[in-house]
Amino acid sequence: MKKVWIPLTYLVFIVLLIIPILKIFTGSWAEGWSGFIEALTRKQSLHALMMTGIIVVVVTVLNTIFGVMLALYLVRATWLGQRIKNLLNSLVDLPYAVSPVIGGLMIVLILGPSTALGAFFEDIGFKIVYALPGMILATLFVTFPLMVREVMPVLQEIGAQQEEAASTLGAYSWYTFWHVTWPSIRWGVIYGVVLTVARSLGEFGAVLVVSGNIMNKTQTATTLVYQDVENFNVVAANGVALVLAAFSVGLLLLMEWAKKRKEVH
Amino acid sequence: MNIRFRSRWWSFGFRSTIMLYFVLLIVLPIIGIYTQSFKLGWTPFWESISDPLAWKAVLLTLKLAIIATVINIFLGTMIGWVLIRYRFPGRRLLNSLVDLPFALPTAVGGLMILLLLGPNSLVGSIASGMGFDIVFHEPAIVVAMVFVTFPFVIRAVQPLLEEMDKSEEEAAYTLGASKSHTFFNVIFPSMLPGISSGAMLAFSRALAEFGAVVLVAGNIPGKTLIASVYIFGEIESDNPQGAAAVSVMLLTLSFLILWAVNLVQTRRLGK
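So the protein sequences, as listed, match chains A and B.
Note that UniProt numbering gives residue 29 to position 29 of the first sequence, counting from 1, and the numbers run on in steps of one.
Note that UniProt numbering gives residue 91 to position 91 of the second sequence, counting from 1, and the numbers run on in steps of one.
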């Protein structure tokens with residue numbers, strides 16, 4: 001049986017994953033080096049990549065801080081009842097069940113220009129929907145569970161004993177966190193960061209709905225790929241897609257590395 | 001001021017900020033969409049979801065997501081098994097490649113499928129020569145869903161296979177059971193919780209998928225328009241009410257699935 005299954009597995013991987021990735025690489029060279037460079041140095045490409053960069057950085061920083069803290073509270077906090085903890089714990093996964101398009105729609109419904117809140121913010125000169133803040137919000141929503149779900153199991157596994165010992169010996173909580181908790185959750189957090197970066201880099205549905213996909217204003221790299229395909233400009237779409245795919249493969253390698261380190265520690 | 005007192009206020013503020021962030025970001029929008037879709041009462045809600053295009057889109061999504069999930073159950077069980085049980089060159093590489101669909105932007109995934117199976121490609125032209133259309137028809141949507149949900153079953157089955165006790169399997173062989181008999185009566189039952197929770201996650205992801213599908217589906221209303229693309233269309237044509245109604249249907253379904261997955265997992269851990 002072994003003789004059948006291993007080649008079959010190889011076949012599935014080659015057809016489903018390896019050929020498509022290679023196709024992106026060859027496709028973006030269809031018009032040679034100059035076609036690729038031209039696709040990437042268009043004004044809208046540079047702007048879209050910059051928008052994606054801003055979103056990735058802001059979202060990763062915010063969700064790392066809030067995700068780690070929420071995980072700490074959900075595992076350790078004594079000021080929350082067990083029932084409430086269980087409830088909050090199951091709420092964390094909600095964004096997984098929500099289609100990205102629906103995630104975007106939620107933000108439009110609550111903060112869109114025709115709602116009371118949205119109108120208020122617009123009056124004070126702070127546009128949310130069809131602008132960068134809304135796109136960041138949408139991405140924050142979609143990527144929120146990733147960090148919490150990486151850090152919680154590690155915290156549960158290491159137990160509270162060391163931390164309790166540290167605070168009994170008189171260490172302040174910040175001190176305890178940095179010197180006792182952090183070293184043991186470090187690789188979990190790094191893995192969570194990689195996942196968050198990958199997801200926010202590739203987020204499409206939610207951002208498309210919230211941004212309105214306005215060229216040179218609210219267009220991100222993924223929504224630019226979409227627009228290029230819609231305009232039958234496949235070579236240009238390929239160029240941008242290649243940059244995104246290269247980042248993803250890089251992140252995948254990082255993931256493997258972080259996973260290995262996580263197992264060691 | 002006394003340090004202890006000050007730090008208590010500080011930590012109270014800190015805790016409230018984290019909890020507020022969580023509630024505002026995750027819980028409020030979900031409550032918002034449910035209240036929005038029922039704001040005008042039952043009748044408009046009912047009208048929105050009884051629009052033939054709307055329920056056709058939801059049914060089509062269900063059908064294609066089920067097909068994609070079944071395909072992934074077979075592929076995932078096989079690949080999970082091969083990657084854990086056999087040692088062969090390239091195993092580690094394949095094992096890390098499994099996560100590629102998670103790491104790759106879904107729009108890029110859609111573009112890849114379009115390039116490989118589209119009308120100008122080799123596969124696409126052969127298939128259309130035989131009178132079989134892929135891109136802008138249902139098969140392409142299934143391919144996109146399979147691609148995007150590929151890692152779920154594998155990643156759910158692998159840990160179970162790893163921690164499985166080999167002695168049960170050996171006992172079965174010693175007692176004279178055939179290979180297939182052992183597989184279906186000893187090994188398969190212990191893989192089942194992983195297969196089912198992986199399949200449910202894959203199914204709910206397939207229901208929700210947008211990026212990969214919108215590029216390859218052609219989005220013909222009533223034929224290849226799936227639910228998430230329908231919702232997007234409604235938002236674009238400035239009908240958030242209709243979009244919210246269909247969203248609520250889809251969301252409720254996904255929540256039920258998520259709840260079932262949690263139930264399966266806690267039962268397994270409780271054992």
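It is worth saying that the hints were derived from the structure and are not from the lab.
Owing to the predicted nature of the structure, the values given are computational and were not obtained by experimental measurement.
Note that CB positions come from ideal geometry on N, CA and C, so glycine has one too.
Where hints are given, some of them may not hold.
Here are the computed distance ranges between Cβ atoms for each label pair [what the hints assert, rightly or not]:
no.	chain 1	residue 1	chain 2	residue 2	range
1	B	Leu20	A	Trp174	43 to 51 Å
2	A	Gly159	B	Val27	55 to 63 Å
3	B	Val123	A	Ile214	17 to 25 Å
4	B	Ile31	A	Tyr175	19 to 27 Å
5	B	Phe183	A	Lys217	51 to 59 Å
6	B	Leu263	A	Leu117	17 to 25 Å
7	B	Tyr173	A	Lys260	44 to 52 Å
8	A	Glu263	B	Leu20	30 to 38 Å
9	B	Ser96	A	Phe232	30 to 38 Å
10	B	Leu53	A	Trp174	38 to 46 Å
Checked hints:
1. B:Leu20 / A:Trp174: 43 to 51 Å: 21 Å, violated
2. A:Gly159 / B:Val27: 55 to 63 Å: Distance hint for A:Gly159, B:Val27 is violated at roughly 30 Å.
3. B:Val123 / A:Ile214: 17 to 25 Å: 36 Å, violated
4. B:Ile31 / A:Tyr175: 19 to 27 Å: Between B:Ile31 and A:Tyr175, where Cβ atoms are some 39 Å apart, the hint is violated.
5. B:Phe183 / A:Lys217: 51 to 59 Å: The hint (51 to 59 Å, Cβ to Cβ) holds, given that B:Phe183 and A:Lys217 are roughly 57 Å apart.
6. B:Leu263 / A:Leu117: 17 to 25 Å: With Cβ atoms ~36 Å apart, the hint is violated.
7. B:Tyr173 / A:Lys260: 44 to 52 Å: Cβ of B:Tyr173 to Cβ of A:Lys260: about 34 Å, so the range 44 to 52 Å is violated.
8. A:Glu263 / B:Leu20: 30 to 38 Å: 35 Å, holds
9. B:Ser96 / A:Phe232: 30 to 38 Å: Holds, at about 35 Å.
10. B:Leu53 / A:Trp174: 38 to 46 Å: At 57 Å between Cβs, range violated.
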